[in-house]
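**Q** Given chain U, work out where chain B should sit, using these hints.
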Amino acid sequence: MGLEHAFGDSFITTQLDAVINWCRKNSLWPMPMGISCCAIEMMAFAGPRFDVSRFGSEVFRFSPRQSDVMIVAGTTTYKMAKVVRKIYDQMPDPKWVIAMGACTSSGGMYRTYSVVQGIDQFLPVDIYVAGCPPRPDNLIHALMALQKKVQRGESRGSFPAYVGDQKLNQPQPLPVKAG
Amino acid sequence: MNNALVVEKLKARFGEKTVEFHEFRGELTVVVPKETIVDVCQLLKEDAELQFDLLADLCGIDMYTPAKRFGVIYNLYSLKNKHRIRIKTFVEEEDTRLASVTKVWGTADWHERETYDMFGIVFEGHPDLRRVYMPEEFEYHPLRKDFPLMGIPGSLPLPKK
Numbered sequence: 007m008g009l010e011h012a013f014g015d016s017f018i019t020t021q022l023d024a025v026i027n028w029c030r031k032n033s034l035w036p037m038p039m040g041i042s043c044c045a046i047e048m049m050a051f052a053g054p055r056f057d058v059s060r061f062g063s064e065v066f067r068f069s070p071r072q073s074d075v076m077i078v079a080g081t082t083t084y085k086m087a088k089v090v091r092k093i094y095d096q097m098p099d100p101k102w103v104i105a106m107g108a109c110t111s112s113g114g115m116y117r118t119y120s121v122v123q124g125i126d127q128f129l130p131v132d133i134y135v136a137g138c139p140p141r142p143d144n145l146i147h148a149l150m151a152l153q154k155k156v157q158r159g160e161s162r163g164s165f166p167a168y169v170g171d172q173k174l175n176q177p178q179p180l181p182v183k184a185g
Numbered sequence: 005m006n007n008a009l010v011v012e013k014l015k016a017r018f019g020e021k022t023v024e025f026h027e028f029r030g031e032l033t034v035v036v037p038k039e040t041i042v043d044v045c046q047l048l049k050e051d052a053e054l055q056f057d058l059l060a061d062l063c064g065i066d067m068y069t070p071a072k073r074f075g076v077i078y079n080l081y082s083l084k085n086k087h088r089i090r091i092k093t094f095v096e097e098e099d100t101r102l103a104s105v106t107k108v109w110g111t112a113d114w115h116e117r118e119t120y121d122m123f124g125i126v127f128e129g130h131p132d133l134r135r136v137y138m139p140e141e142f143e144y145h146p147l148r149k150d151f152p153l154m155g156i157p158g159s160l161p162l163p164k165k
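If you read the protein sequences in the order shown, they are chains U and B. Sequential numbering from 7 applies to the first sequence in the working numbering. Sequential numbering from 5 applies to the second sequence in the working numbering.
Quick caveat, the hints were computed from the structure, so don't treat them as lab data. Predicted model only: the values in this text are computed from it and were never measured. Hints should not be assumed to be uniformly reliable.
Facing chain B, according to a computed beta carbon distance under 7 angstroms, are these residues of chain U, among others [unchecked claim]:
1) T81
2) Y84
3) K85
4) K88
5) R91
6) Y119
7) G124
8) F128
Think of the CB as a built atom: it goes at the ideal place given N, C-alpha and C, for glycine as much as any other residue.
Only chain U is shown next, with the shape it has when bound in the complex (with noise of 0.2 angstroms):
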């Protein structure tokens, strides 16, 4: 390359789309959505003993306004449906879902009138995580395969995490009126 060649050892080349998602998938805030048991591996998964800021998402936000992925751990009613989704909708673009447990992915053990089977039915997901709770490390793998869909600049609900080029056919960003 003959670029890198004249700068010498200071300086890379890359495409910016490349870096900006290097950067966001080694700095993914969740938003704890603890709605049951699922939040107590979820916790653990915070904690010291399995320290998921080796990842970079110790930073966990109870705000949606600051947050990336948004963690749903825990059986979801349908009447928590709504509350769910308001806070999904809340998060900034790009966003990413995990359904951590068997009860979030597919109503698990609770086929009854009143919860949801599986939340995909009202949010767009990017990573199913099995367990009934699934063990912590089972949700550091669901993370790490979350950065490789990061990396690559995919994301279900939101736009694409592209800033160059912007697929066309994804959806897109409203513009902002001034004043």
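**A** Positioned in the frame of chain U, the structure of chain B alone reads:
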């Protein structure tokens, strides 16, 4: 204090015909007509010897029978005498109204709201009879025997994807 005293007091006040007694392994169950429920509760709570001052639980039941379909069960405890009894009363499917005991025990408030939510029993005289678990716009009563386990499609709306 023992069950015999409770039976004696209730018989003296309400007569043998209206109140029904069952005893099983030392546990007393009293079945009363729905019109007298508040008076029975008042007596059991305020009588100096009985003092059933704690309503431990109040729940509904669906017998799924043509007559006396729905029941309400009151589990009482006397802190002073360390004694428990159970009261039952039944209502018809066509007329699920029943007098509220919130005036006797304040704790009946949320228990009656739950029973209303799950079985559709209307507690008259309740200060604020709203649903507890299900969304307020929900039209059914899920713990009734004729309610399907997976619910009625479309009765609980989900947000749009």
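**Q** For each hint, tell me whether it holds in the structure or not.
**A** Each hint tested on the structure:
1. T81: Not OK, violated: U/T81 not within 7 angstroms of chain B, min 13 angstroms.
2. Y84: holds (4 angstroms)
3. K85: Holds, because the Cβ-Cβ distance from U/K85 to chain B comes to roughly 5 angstroms (cut-off 7 angstroms).
4. K88: With Cβ-Cβ at 6 angstroms, under 7 angstroms, it holds.
5. R91: holds (4 angstroms)
6. Y119: holds (3 angstroms)
7. G124: violated (11 angstroms)
8. F128: With Cβ-Cβ at 5 angstroms, under 7 angstroms, it holds.
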